[in-house]
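S.K.: Make the complex out of the two chains shown on their own, each in a separate frame, by following the hints.
What follows is the residue order along each chain.
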Amino acid sequence: MSTTTVAAPLTNSLTAGKLPKYSAVVVLLASWLVTAAVFLIVQLAGISTSFNVAGTLFFGTVLYCIAIYLLSYFVEGVRKAKDRLVTALVTAAFVIALLPLVSLVATTVINGLPAFLTPTFFTSSQRNVVGAGGGALHAVIGTLFITGLATVISVPIGLLSAIYLTEYGRGRLARAITFFVDVMTGIPSIVAGLFAFALFSLLFSDPGIRFGFGGAISLSVLMIPVVVRSSEEMLKLVPNELREAAYALGVPKWLTILKVVLPTSLAGIVTGIMISISRVIGETAPLLIISGFTASMNYDLFKDRMMTLPVFVYTQYANQGTDTQAYLDRAWAGALTLILIVMLLNAIARLIAKLFSPKLGR
Amino acid sequence: MTTTVARDSIRAPQRAGDRVFSTATVVAGSLILAVLAAVAAFLLVQSLPAFVATPADFNGDAANFWAYVWPLAFGTLWSAFLALLIAIPLAIGIALFISHYAPRKLAQGLGYIIDLLAAVPSVVFGLWGIGVLAPLLQPFYTSLVEWFGWIPLFAGPVSGTGRTILTVSIVLAVMVLPIITAICREIFLQTPVLYEEASLALGATRWEMIAMAVLPFGRSGIISASMLGLGRALGETMAVAMVLSPSPQVIFQLLTSQNPTTIAANIALNFPEAHGTGVNILLATGLVLFVITLAVNMVARVIINRRKAFSGAN
Numbered sequence: 001m002s003t004t005t006v007a008a009p010l011t012n013s014l015t016a017g018k019l020p021k022y023s024a025v026v027v028l029l030a031s032w033l034v035t036a037a038v039f040l041i042v043q044l045a046g047i048s049t050s051f052n053v054a055g056t057l058f059f060g061t062v063l064y065c066i067a068i069y070l071l072s073y074f075v076e077g078v079r080k081a082k083d084r085l086v087t088a089l090v091t092a093a094f095v096i097a098l099l100p101l102v103s104l105v106a107t108t109v110i111n112g113l114p115a116f117l118t119p120t121f122f123t124s125s126q127r128n129v130v131g132a133g134g135g136a137l138h139a140v141i142g143t144l145f146i147t148g149l150a151t152v153i154s155v156p157i158g159l160l161s162a163i164y165l166t167e168y169g170r171g172r173l174a175r176a177i178t179f180f181v182d183v184m185t186g187i188p189s190i191v192a193g194l195f196a197f198a199l200f201s202l203l204f205s206d207p208g209i210r211f212g213f214g215g216a217i218s219l220s221v222l223m224i225p226v227v228v229r230s231s232e233e234m235l236k237l238v239p240n241e242l243r244e245a246a247y248a249l250g251v252p253k254w255l256t257i258l259k260v261v262l263p264t265s266l267a268g269i270v271t272g273i274m275i276s277i278s279r280v281i282g283e284t285a286p287l288l289i290i291s292g293f294t295a296s297m298n299y300d301l302f303k304d305r306m307m308t309l310p311v312f313v314y315t316q317y318a319n320q321g322t323d324t325q326a327y328l329d330r331a332w333a334g335a336l337t338l339i340l341i342v343m344l345l346n347a348i349a350r351l352i353a354k355l356f357s358p359k360l361g362r
Numbered sequence: 001m002t003t004t005v006a007r008d009s010i011r012a013p014q015r016a017g018d019r020v021f022s023t024a025t026v027v028a029g030s031l032i033l034a035v036l037a038a039v040a041a042f043l044l045v046q047s048l049p050a051f052v053a054t055p056a057d058f059n060g061d062a063a064n065f066w067a068y069v070w071p072l073a074f075g076t077l078w079s080a081f082l083a084l085l086i087a088i089p090l091a092i093g094i095a096l097f098i099s100h101y102a103p104r105k106l107a108q109g110l111g112y113i114i115d116l117l118a119a120v121p122s123v124v125f126g127l128w129g130i131g132v133l134a135p136l137l138q139p140f141y142t143s144l145v146e147w148f149g150w151i152p153l154f155a156g157p158v159s160g161t162g163r164t165i166l167t168v169s170i171v172l173a174v175m176v177l178p179i180i181t182a183i184c185r186e187i188f189l190q191t192p193v194l195y196e197e198a199s200l201a202l203g204a205t206r207w208e209m210i211a212m213a214v215l216p217f218g219r220s221g222i223i224s225a226s227m228l229g230l231g232r233a234l235g236e237t238m239a240v241a242m243v244l245s246p247s248p249q250v251i252f253q254l255l256t257s258q259n260p261t262t263i264a265a266n267i268a269l270n271f272p273e274a275h276g277t278g279v280n281i282l283l284a285t286g287l288v289l290f291v292i293t294l295a296v297n298m299v300a301r302v303i304i305n306r307r308k309a310f311s312g313a314n
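Chains as they are written, first to last, in this note's numbering: chain A, 1 to 362; chain B, 1 to 314.
Check each hint, because a few of them may be wrong.
The calculated label-pair distances, taken between Cβ atoms and stated as ranges, are [to be verified]: (1) A:N240 <-> B:F51: 49 to 55 angstroms; (2) A:T120 <-> B:I251: 44 to 50 angstroms; (3) B:A155 <-> A:Q320: 29 to 35 angstroms; (4) B:P135 <-> A:T120: 28 to 34 angstroms; (5) A:K354 <-> B:Q249: 50 to 56 angstroms; (6) B:N64 <-> A:K354: 56 to 62 angstroms; (7) B:N305 <-> A:P156: 24 to 30 angstroms; (8) B:L116 <-> A:T123: 27 to 33 angstroms; (9) A:P263 <-> B:L153: 56 to 62 angstroms; (10) B:N305 <-> A:K354: 18 to 24 angstroms; (11) B:S30 <-> A:V152: 45 to 51 angstroms; (12) B:L85 <-> A:D206: 40 to 46 angstroms.
Hints listed in this document are in silico derivations from the structure and should not be mistaken for laboratory results.
A virtual CB, placed ideally from N, CA and C, is assigned to each residue, including glycine.
Chain B with its partners taken away, still in its complex shape (with noise of 0.2 angstroms):
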């Protein structure tokens, strides 16, 4: 009764379909890794010529290529930075209040309403920062300027309209506000329940529960969560070209009517009328935003892949 059997001839056999459907799914998930790469390559080459151009090809007084994007990329870090500042301690607010405070059956509408902020298209921001926010920031502004211009950062004077580098920001912040908050809220849910109810129960104050247990739990998460935001801030385009008068130079003053515009919306506005160099310099400034946003993008999914790697969520 021994039976013997040969071990290749338990091997399952090899189908004409399941060959061409798993060649096709390789193909497919390859493609994306070429697509990306594709995306680089092609920016490089076009942008080669903007390396080599001369002072003429630039608008303004830009001697060569890093003088004229220095003061687009302080632009967008700066007015990430300050959408950040804005955005992430709201952020950890909200899926505080979502995750622990809401009352239980409330908690995934509430959720759903800050995510129809992220469904809004990025254009009826600009209008709205535009029509509604600047005018209604304006005499803010004025008195601010009239109290505080003795603090760098205030001086005057002060715009007309209030399109300034801080109502950008706070159009930016309430943009990426929905990224942050998503990410943090599903942190701040994962703490595991025992920590929390521990330190209840050794006679903790909600708050002083939230500050032991679930904040140091969600630290990694919240810095990731901020970064995903920042490269969402950095990149955003329309809600910038539109609210903002710009005037490219490194400038700190948050509202006067000289303010550093970004590379984004700088592209927005001027490739529609470039031609022949001009449109190679416009690329090479898109490269440029392409790698300080991927550098983002990749230390945030380290640090969440990290993470998850150890928390066993997922």
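Isolated chain A, as found in the complex (with noise of 0.2 angstroms):
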């Protein structure tokens, strides 16, 4: 295709039999109108009431397809024609898969405006109201308590595990953590809470328990594997020169490490862990196992149920009372808050590897 662009004089062997680079862009918007020719005519004859949008351009990107292959098998052959097609193909793909992204974006935030505006929305809790008005507090700061402690708790062993991993890690041990790491990857998140659960009602034999800390020990499950992954990429772009020379100046492994590896490669370290939160944040299940869910405020994470925002959203929706449009714009909100943090998050993450990545002399 791209092959003979060049200026073509008045008659040229090379882009003889060929369809004009226009043709594409021309036979798509050609395909385009004479959908919305028939959607119109369907319209003029009353069958449906309003003009479809969506069917123009669905059977338009068909009508391209069609149109593009046999105009494209006519003129330049099978081969061709196959190939601009395949072209169409993958182009639309990539389409549809924005439609969804698109459209959940746009929902969540024409939803949740209305609710995630109102003063009291971060400043009080759900305790003792009924229908509208009330707050997120409670899940806000719940969400933060536990995703905090589930960082604290995740942070050092993942990182122990990556430096041992790249630093130490030779032979089977290092192969068999290297292995079920990114197995546990795979593991699903409500598997989590179940083991936490299973773990704490038999540690304190209380059959029906949920607690903060629970939920921070499932998120720590989900989270190690990611920080450890992450993490490993990063020391493992460290050049060895540094390490070699730290150790030819005598310093010891230990100092290499903690003086010369980490800070090396601490910007990617942190963006992995801050990808690993929005990761952990927005996960519901465990937490509804092992956390539970209130409507009042609990600072405790060491007793009683506590609400976090991603269980917010659900209870909200799940346990709709009376005044329905109340609890779905709560539930709106809800879900606006959690995109927004993870979006955040995403974003630090990308500005700090962005200004603080080393600069390998490339």
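M.R.: Pasting the structure below:
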């Protein structure tokens, strides 16, 4: 396709038997116009009441695939025709994937803003609230506490394991850890919650145990493998020359790691940690099981049920009271808050990675 | 001038700091293995009562644990299978678009946009599925049943709410899409440029180049990416729990209001109210789910690792 784009003289055998460059765009617009005309006729005939935009774009794109294939088949031959068809399909696949993302973000913002903007949403809990009003402060606090504790547990374990894998690990143990860390990334989140529940209900012999600490433990199970994987990748990027230079100066290995390897890869590690936090902060299922839900504030991780944002969204949706709209509004507002937090974490992570990554001289 | 230094004297001195530090890292690493073992062990211990539970302990009319868990396991596998059926072709298309079709400068940004899908919490997907997707698809389902009802999969009566297993599978497909896409993209980018240039130089079109050089090279990568996606789809909880209107039974129809539910969704819906042996039964179904996903993930990782060994990637 792109091989013969030289400005052609009057007759050029190289571009003979080829569709002109603009043909794809023209055919696409033409097929949209044709389907738009068809749908307009349908509307004027009174079969449907409104103009079907989605249908126009969808069937227009299908028509484009057929039209460009046939056109190219008769002008350029079957091989080129197939190539054009695949190009159209691959591009369509990408656009299709964008649709749910756009729709999801748009719906969340539109449905979430009304309750999100009420002054009480971030200043009060749901205690004694029936119907409209109230807020999600208890859920925000719970999410911060539980995710914070999960981070405090996961980061040292994950980071030390990553150091073991890159700096010390040889042989069978290292291979086993690498393998099972990868396997652990695939543990369903609800299984992590069940694990925490099974563990603590045995330990405290309380068959109905619910508390925030258990939620932090279950989130750690999900978070540790992500931290290990990302930190390991970052530590591997540290050039060996730096380590060798430190050894040559007589620096002990542990000091080399602490003072040379870790500072060099710090930006990448922090980025990885931020991204792993954004992964677990939206987890609902494990917290629903081990931390439970409540309408009141709870600042004690080791006692009583503790609300979190994802569970807040779920319970507002699942246990709608008589004023259905108020509950739905709060659910969407909670979802909006969650998405904002996750996006913010991701953005900060990328910013850190961009600003502080070591310049490796390339 | 011959200095005969004894072997022992040039060995590095063992410092206390070194020993503490290396021990700490070994302990942390081993802790991960211990946690995985503990997950299996505690689930197993807590689910033992479920295997000897009497019919009275089960919701519904299951005679024993296996009769109870079978429809759930079926629903889990069936919804994950449908989700992958939708997601894999799309993901390969997207990955090809990003790696071989999109302009170079845009490619990374486009990949980041797809990755954003992975960052959306599953509970938000659940809200979206039930608030937007299900009502949107319901009229489409109605006409599908009208026209294609003679195909057993699309047999009626159509669900009035759109909360069917097909809607769930579409939501699941959207959720696993970024995982499969990310891995496929990496693998496609690793195709040796020489292969690609050679086939282009021989006169291949772009699609022929992809079919002859990129896809054969990435085949095992696509398989393992799909299996990782499968693992995610099997364990996904909230989206299924919120979107599906469940009735635990083995049923293949996609569009009716009778839908098989999944293990994870069943646990999430019933756990808050469960007590006594009911809790143990739910824990036991969780163990079944854990074993299934563990097996899927291990197979996927073995395939990835084997491929890594001969391609020299990483």
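S.K.: Which earlier hints can't be squared with this structure?
M.R.: Of the numbered hints, 10, 11 do not hold.
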